[in-house]
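Colleague: Here is how the chains run, residue by residue.
There are 2 protein chains.
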Amino acid sequence: MILLRHELGEVLREARRAQGRTLRDVAGSAAVSLGYLSEIERGTKEASSELLASVCDGLGLSLSELLGLVQDRVEHVETLTAPVTLPVGASADAEHVSASAA
Amino acid sequence: MILLRHELGEVLREARRAQGRTLRDVAGSAAVSLGYLSEIERGTKEASSELLASVCDGLGLSLSELLGLVQDRVEHVETLTAPVTLPVGASADAEHVSASAA
Chain A
299 MILLRHELGE VLREARRAQG RTLRDVAGSA AVSLGYLSEI ERGTKEASSE LLASVCDGLG
359 LSLSELLGLV QDRVEHVETL TAPVTLPVGA SADAEHVSAS AA
Chain B
299 MILLRHELGE VLREARRAQG RTLRDVAGSA AVSLGYLSEI ERGTKEASSE LLASVCDGLG
359 LSLSELLGLV QDRVEHVETL TAPVTLPVGA SADAEHVSAS AA
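Residue numbers (my numbering), protein chains in the order written: chain A, 299 to 400; chain B, 299 to 400.
Just chain A, with the same shape it has in the complex (with noise of 0.2 Å):
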């Protein structure tokens, strides 16, 4: 199951990151405790609306913008993530692995 709340965490790393910028100095920008700030970023904690308003305010961001990012990530983690269809001969040679492995 993906969680928004790590994908999200990711991303808002990696754009303060991309932006050169501590948790001290975006937590400021934001006006939200550190605390709080980097227990979001590790995806341990949800975000509420208005923590999300402000920490993108912080990274001058708008909440579109953050979005999008975030649909992106979590579009490229349901891709490395999606079940794998077997071609139709591998079910024969999986039923031999059965047989020789009883």
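Calculated from the structure, these hints are not laboratory results.
Bear in mind that the values here come from a model prediction, so they are computed numbers and not experimental data.
Don't be surprised by glycine CBs; every beta carbon is placed ideally from N, CA and C.
A hint or two may mislead.
As the list claims (entries may be wrong) - Covered, in the sense of this in silico footprint (three residues per stretch, anywhere, with C-beta under 8 Å from a C-beta of chain A), are these stretches of chain B:
(1) 299-310
(2) 334-347
(3) 355-362
(4) 366-374
Said to hold, decoys possible - Restraint ranges, calculated between C-beta atoms of paired labels, are given here:
(5) A:T377 to B:G358: 33 to 43 Å
(6) A:Y334 to B:R322: 27 to 37 Å
(7) A:L384 to B:D355: 20 to 30 Å
(8) B:T320 to A:E376: 20 to 30 Å
(9) A:T383 to B:S336: 35 to 45 Å
Guided by the hints, dock chain B onto chain A, whose structure is given.
Modeller: Below, chain B alone, put in the same frame as chain A:
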């Protein structure tokens, strides 16, 4: 301030209605409580990442598809609420109005 939970709620409601489904039906498919889902749709409660994943499942949407819909909506709302820059001449008018009122 544009709040994610408001826009997310509207998008979830629209997606459900577009499928001609009731709150009860989607809450059942997503295995979440009807009251919780109703609060999410009204934008009065923050959705946890786990709930969001379940509701996406219940609606047959991927998380990235949902995020795309929310991004489109937020982008639209940002356009509507962008600050308007008045032409230079308007500032003199504003002073005039202010002087008359005094």
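Colleague: Take the hints in turn and mark each one as holding or not.
Modeller: Now the hints, each set against the structure:
1. 299-310: Satisfied; 6 residues make the cut.
2. 334-347: holds (count 3)
3. 355-362: Per the Cβ count (3), the hint holds.
4. 366-374: Contact hint for the stretch 366-374 of chain B vs chain A: holds, 5 residues under 8 Å.
5. A:T377 to B:G358: 33 to 43 Å: Violated, since A:T377 and B:G358 (Cβ atoms, about 18 Å apart) do not stay within the stated range.
6. A:Y334 to B:R322: 27 to 37 Å: 36 Å, holds
7. A:L384 to B:D355: 20 to 30 Å: 24 Å, holds
8. B:T320 to A:E376: 20 to 30 Å: 28 Å, holds
9. A:T383 to B:S336: 35 to 45 Å: 37 Å, holds
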